[in-house]
Amino acid sequence: GENVEQHPSTLSVQEGDSAVIKCTYSDSASNYFPWYKQELGKGPQLIIDIRSNVGEKKDQRIAVTLNKTAKHFSLHITETQPEDSAVYFCAASGSDRGSTLGRLYFGRGTQLTVWP
Amino acid sequence: EAQVTQNPRYLITVTGKKLTVTCSQNMNHEYMSWYRQDPGLGLRQIYYSMNVEVTDKGDVPEGYKVSRKEKRNFPLILESPSPNQTSLYFCASSLATDNEQFFGPGTRLTVL
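Line by line, the protein sequences are chains B and D.
Sequential numbering from 8 applies to the first sequence in this note's numbering.
Sequential numbering from 2 applies to the second sequence in this note's numbering.
Keep in mind that a hint or two might mislead.
Each pair of labels, with its calculated beta carbon distance range [stated by the list, open to error]:
no.: 1; chain 1: D; residue 1: Thr21; chain 2: B; residue 2: Gln21; range: 42 to 48 Å
no.: 2; chain 1: B; residue 1: Glu46; chain 2: D; residue 2: Leu12; range: 20 to 26 Å
no.: 3; chain 1: D; residue 1: Tyr11; chain 2: B; residue 2: Glu46; range: 14 to 20 Å
The hints are simulated quantities; they were obtained by calculation from the structure and are not laboratory data.
Since the structure is predicted, the reported quantities are computational estimates derived from the model, not experimental observations.
A virtual CB, placed ideally from N, CA and C, is assigned to each residue, including glycine.
Same shape as in the complex, but just chain B (with noise of 0.2 Å):
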């Protein structure tokens, strides 16, 4: 099955400056690469995705970008605020070995702190 590793696993950020958060992944038919941002106290939520076919996706100040090559896609916030604040995973579509079915394979998870 696939495997998703994801660093740094801490982050601390001034507020307005940029954080980066990269992931990689092992399974080269991955074609679904989504990023999930966790309140304290909240579910996850899904902020932005990028497909195998597009390089690189953005949405106001969060963008992810994704080298199938290296098997490697990174989630990029730019002028950073407080209420950035949460932990963030990434994950990657698979499935397991002698299964049809398909899945997601999460990240170890982000804590980003952004401080004022």
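With chain B fixed as given, assemble chain D onto it according to the hints.
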């Protein structure tokens, strides 16, 4: 309002006492999934389901059962809970694997 609901939100129980955590979605989603979240380990998938009567094991299925008799419901069953199942549990649903997953609010389970 489109949502995923879980019940109960909080539960304290004792070892060996069977329990069920319910999950329901009102979005007519095919795909549903259960995760557990533990500090430092992120979201680990327990079971997932692609449609009614179609389920498969995730990364940590031991000690859990699921059923998908109706499209909207996907209960998680702990036949004989143990303290190592103390965790925060999330149910999620989506149209398909490669679509946005909508997460429920979570169930905080403590097994004494």
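Discussion item. For each hint given before, does the structure comply? Return the numbers of the non-compliant ones in rising order.
Written reply: The structure breaks none of the hints.
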